[in-house]
Amino acid sequence: MVRRLGELEDAVMTRVWQWNRPVTVREVLEDLQQERSIAYTTVMTVMDNLHQKGWVRREAEGRAYRYEAVSTRAAYSAALMNEAWSTSDNPAAALVAFFGMMSAEQREALRDAIRVVQLDEPEERPR
Numbered sequence: 589m590v591r592r593l594g595e596l597e598d599a600v601m602t603r604v605w606q607w608n609r610p611v612t613v614r615e616v617l618e619d620l621q622q623e624r625s626i627a628y629t630t631v632m633t634v635m636d637n638l639h640q641k642g643w644v645r646r647e648a649e650g651r652a653y654r655y656e657a658v659s660t661r662a663a664y665s666a667a668l669m670n671e672a673w674s675t676s677d678n679p680a681a682a683l684v685a686f687f688g689m690m691s692a693e694q695r696e697a698l699r700d701a702i703r704v705v706q707l708d709e710p711e712e713r714p715r
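To convert, note that position 112 of the sequence shown is 700 in the working numbering; the numbers rise steadily by one, no gaps.
It should be emphasised that the hints constitute simulated quantities derived from the structure, not laboratory data.
With a Cα cut of at most 25 angstroms, we get these calculated SDA-like pairs of lysine to any residue:
(1) Lys641 <-> Thr612
(2) Lys641 <-> Ser665
(3) Lys641 <-> Thr602
(4) Lys641 <-> Ala663
(5) Lys641 <-> Glu615
(6) Lys641 <-> Ser674
(7) Lys641 <-> Met669
(8) Lys641 <-> Ile626
(9) Lys641 <-> Met589
(10) Lys641 <-> Ser659
(11) Lys641 <-> Leu593
(12) Lys641 <-> Gln606
(13) Lys641 <-> Arg651
(14) Lys641 <-> Ala627
(15) Lys641 <-> Leu617
(16) Lys641 <-> Ala662
(17) Lys641 <-> Leu596
(18) Lys641 <-> Arg654
(19) Lys641 <-> Glu595
(20) Lys641 <-> Gly594
Turn these sequences into a full structure, and let the hints guide you.
Structure (structure tokens):
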């Protein structure tokens, strides 16, 4: 079961995912401070919590840590969608409703994704 990230956890993870490299608490703090007033200890606690929850791994560097994402934002989004879909009592209806909410650009991205998946699957052979 995937637990949705909290607002501050998401803000931190967004930076970790975007930068796509090991990051320090100080780097994340300085970027977050461009948007809000936040303490170093708050960011450190959030990053430690993300480590405890398995979202990031960390490696000691002197007296601090460098944190790196365990998976991608896309994998997180996919897990959330799968969780929501699998809890529906009518998965087909849920998909139809979801597709109905999509923009034209999102539907095109869906078509592209289906083409990619179909290319990866071995062709069925007639029996």
